[in-house]
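Residue numbers (the working numbering), protein chains in the order written: chain Z, 1 to 105; chain X, 1 to 196; chain W, 1 to 594.
No false leads were slipped in.
The calculated PhoX-like cross-link candidates involving lysine-lysine, where the alpha carbons are at most 25 Å apart (straight line), are:
1. Lys17(Z) - Lys69(Z)
2. Lys69(Z) - Lys167(X)
3. Lys17(Z) - Lys167(X)
4. Lys270(W) - Lys416(W)
What the hints contain is simulated information worked out from the structure, not anything from laboratory work.
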Amino acid sequence: MSQTQSHGHSEPHTSNKTYVLVAAVLAMVTAVEVMVFYLEALRPVIVPILVVLSAAKFSLVAAFFMHLKYDGRLLRSLFAGPLFVAIAIILAMMALYGAFAVGAA
Amino acid sequence: MEHEAVMEMHHTTTGIPHRKVLIWTFIGSECMLFGSLIAGYLAYRGRSVVGPYPEDLLNIPFITVTTFVLLMSSLAMVLALSAVQRGNRRGSIIWLAATAVLGMIFLGGQYIEFSHFVHEGLGLSRNLFSATFFLLTGTHGAHVTVGVIWLLSLLGMELKGNLGPGKAEIVEVAGLYWHFVDVVWIVLFTVIYLLV
Amino acid sequence: MSHDTYGGGVRSWMTTVDHKRIGIMYFVSAIVFFFVGGLEALLIRLQLGSPENTLISADLYNQLFTMHGTTMVFLAVMPLSSAFFNFLIPLQIGARDVAFPRLNAFSFWIFLFGGLFLNSSFLFGGAPDAGWFGYANLTSTQYSPGIRVDYWVLGLQLLGISSIASALNFIVTIINLRAPGMRFMRMPPFTWMTLLTSFLLILAFPAITVGLVMLMFDRTFGTNFFNPAAGGDVLLWQHLFWIFGHPEVYILILPAFGVISEVIPTFSRKTLFGYPFIIYSGVLIAFLGFGVWAHHMFAVGLGPIANSVFSAGTMLIAIPTGVKIFNWIATMWGGRLRMDTPLYFAIGFIAMFIIGGLSGIMHASPPTDLQQTDTYFIVAHFHYVLFGGTVFALFAGMYYWIPKVTGRLLHEGLGKLHFWLMFVSFNLTFFPMHFLGMNGMPRRTFTYLPGLGFDLMNLVSTAGSLLLGASMLVFVWNLVRSFRRGSPAGRNPWNAATLEWSLPSPPPHYNFRTIPEVGGRDPLWRPGGAEVDPEDPTAPEPVMPSPSGWPMLLALGPVIAATGALLSSLLVVFVGVAVVVVSVYGWAFQPLER
Ligand code: HEM
Ligand SMILES: [Cu+2]
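Using the sequences and the hints, build the whole thing.
Now the structure itself:
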């Protein structure tokens with residue numbers, strides 16, 4: 001953490017056009033996700049694909065709608081740190097409950 | 001002059017308003033709340049000893065629609081904030097109301113889904129799937145409900161003319177909460193519905 | 001007390017939003033709960049003083065050790081640390097109050113109500129009796145019918161709200177209200193450890209919140225989260241509990257590390273040796289603390305891989321902990337030691353904490369732990385770290401800072417008497433437990449048979465505990481005496497280096513008339529630092545936030561709702577919710593300063 005100088009007062013960061021564009025992308029990615037879900041051919045790789053796609057949506061909302069792309073490093077670490085711990089604990093619990101065991105689905 | 005000290009209290013070391021640091025710290029804590037719930041959900045996946053099982057009941061097309069509604073509510077939210085910041089009262093009212101309404105539609109969808117499940121024999125205590133599912137999505141729904149109430153309160157302030165650009169910060173903070181709830185749903189949609 | 005413009009009366013305390021007064025209320029409540037928990041411990045020890053003793057029934061014994069553990073952790077040690085955070089943090093960073101003064105009052109009230117709620121169980125049908133860790137499925141309605149466990153579940157949820165609210169507040173305060181020039185790497189070590197503790201709180205509590213909600217669902221709505229017959233896993237509770245529980249032990253010890261890192265430099269007349277190492281090892285401990293929880297579960301059969309990973313992680317944590325100990329010793333090395341009571345307690349802390357740390361490393365190894373887990377050896381371990389560690393350190397802190405709070409010094413002779421009594425009796429009480437555990441005496445059993453080789457050690461331990469109780473009375477006497485006729489403390493009785501010592505004792509309600517500029521670490525020891533005088537009479541008197549009754553009212557809401565849940569009365573729950581809604585709006589639309 002360091003001293004972060006950032007917008008003290010809320011003022012518009014982004015044009016409404018960008019927001020609409022981001023929303024359109026979000027809707028599209030969601031459509032793709034559902035498509036992937038229904039495509040039998042993609043069954044074997046559905047997990048990595050969907051993880052990547054939802055991570056992409058997550059990042060878009062965080063970066064643009066939540067302004068992390070423009071806000072200081074401080075706010076970013078306040079979010080990223082706990083998120084990292086939470087993800088690590090989910091993965092550890094999955095491992096403890098056999099999700100990654102050899103032969104597990 | 002008398003208010004010098006008060007000004008001092010609102011002046012911040014980092015230049016970021018207190019409330020904004022607060023909401024982000026709170027969101028960090030919420031990450032662990034939903035993280036623990038998701039960990040519990042995943043730990044119990046496939047362990048139910050009686051049906052109905054997720055694949056019997058989850059209705060992907062239906063939930064895709066409500067997911068889309070929640071995503072669009074986030075768009076309405078940023079537009080609301082931008083309108084408040086620009087001092088555009090009409091826009092603020094429209095977009096704040098739109099956000100709240102979209103949130104309520106999402107909640108209505110959740111109500112329909114839940115009652116359908118219960119009707120199909122999946123009450124809360126039926127099996128491990130029902131318990132973890134209702135706990136996880138129910139907690140999320142409770143967050144949406146709080147968000148809707150918050151948005152309606154802001155709308156009420158705007159209607160009374162109490163919300164100009166000087167107060168944009170409180171709308172921004174509500175928005176951060178709202179987007180976070182949306183982001184959680186992005187994860188849940190994938191984890192619960194698409195990766196059954 | 002010319003600058004004191006609080007006004008008096010109970011009402012002014014109920015509506016106060018001043019961090020110093022809230023700190024004092026935390027202190028008084030925590031000390032009272034500390035004595036309640038101590039009384040429970042003495043009853044436990046009296047029962048165990050001789051084999052096949054019948055002083056206390058098995059049922060009451062279960063309640064006593066459950067409430068002792070729960071009280072000491074959540075109602076005594078954590079709030080005592082909170083008392084320090086509240087009183088000191090704004091003073092140490094050069095601020096007039098915390099970032100959210102009313103939220104701060106709310107945290108206190110809900111802690112107090114939660115503590116009273118939990119303890120009221122003694123009056124209504126019996127206290128919780130399933131251990132402070134509440135292992136499933138002992139907590140199921142099958143094995144714990146009645147409302148005892150419900151008391152525990154609801155009480156902990158209330159205390160969780162308090163901890164999270166207060167931690168959020170201190171994170172924002174420390175990030176956002178530092179005086180000009182107070183960069184992160186210039187903050188006093190106590191402030192740093194408060195920041196880290198607060199992060200641990202906001203990240204650890206949600207895990208137990210989720211576990212408690214699941215437990216509540218199992219008990220109230222008949223779900224099967226922890227019911228093996230329906231596929232549930234009792235270990236899920238243990239995981240969630242210890243994902244919270246291990247960080248929790250650092251929540252208990254990091255503030256103590258902070259106190260020690262302030263006391264030792266002051267009484268050695270030397271700046272802290274290796275400040276960055278102290279800070280970064282604290283950060284590392286906090287972070288690694290989330291990855292070692294299953295060392296509390298070595299005996300449950302997670303398998304060799306999981307056990308090895310968690311064992312390695314646990315041993316890794318010992319490294320930054322050791323680093324800190326070396327730093328403290330190196331700070332004293334070659335210093336001009338001023339042997340006052342705070343330093344006695346600080347040195348006692350180091351010695352006792354090393355013993356507790358060493359036994360910790362012993363059971364970090366699964367094969368060793370299989371011999372030790374659930375025996376008195378573990379009880380010895382955590383009392384050496386918690387009592388020998390945290391409580392000794394908090395006493396060091398009390399002897400150090402109480403003169404700042406009251407404006408009067410404590411008596412040195414009584415202080416040293418307190419120290420020696422406590423030091424000797426603490427070791428008499430807890431050292432024999434190592435042997436008892438090694439010889440196989442199990443934890444959490446209300447009696448034992450004669451002739452197992454347990455008798456003498458237990459008797460020694462019980463005798464020690466009575467003396468330990470007596471040593472606390474010396475402290476109380478010292479406190480009362482200093483109120484009546486302690487000598488005035490002045491601004492800086494110890495010649496310490498941090499900003500709080502530049503203020504009068506007690507500080508005026510606005511703390512700093514003009515906010516100081518900080519030029520480096522140890523501001524008062526810097527050239528010209530001793531003359532820092534924020535009481536510039538020409539500056540206008542700062543306007544502070546007005547008192548408010550909403551925080552207390554808001555804190556009442558969840559307690560009413562919890563009572564409703566306990567009585568299975570939806571109506572009462574709704575009343576609680578209504579109180580919450582009304583006070584949230586009342587609060588939100590009441591200006592901070594009027
Ligand atoms: C060198 C550092 C430490 C190590 C390696 C360590 C290791 C451990 C291990 C492996 C256990 C589980 C033993 C068992 O139940 O079989 C344990 C229990 C415990 N530790 Fe530590 N520990 C350390 C420091 C601390 C600190 C600083 C505290 C608190 C201030 C603490 C408090 C506790 C408590 C309360 C328990 C018992 C929990 C219960 O079963 O009720 N430990 N420790
Ligand atoms: Cu541990």
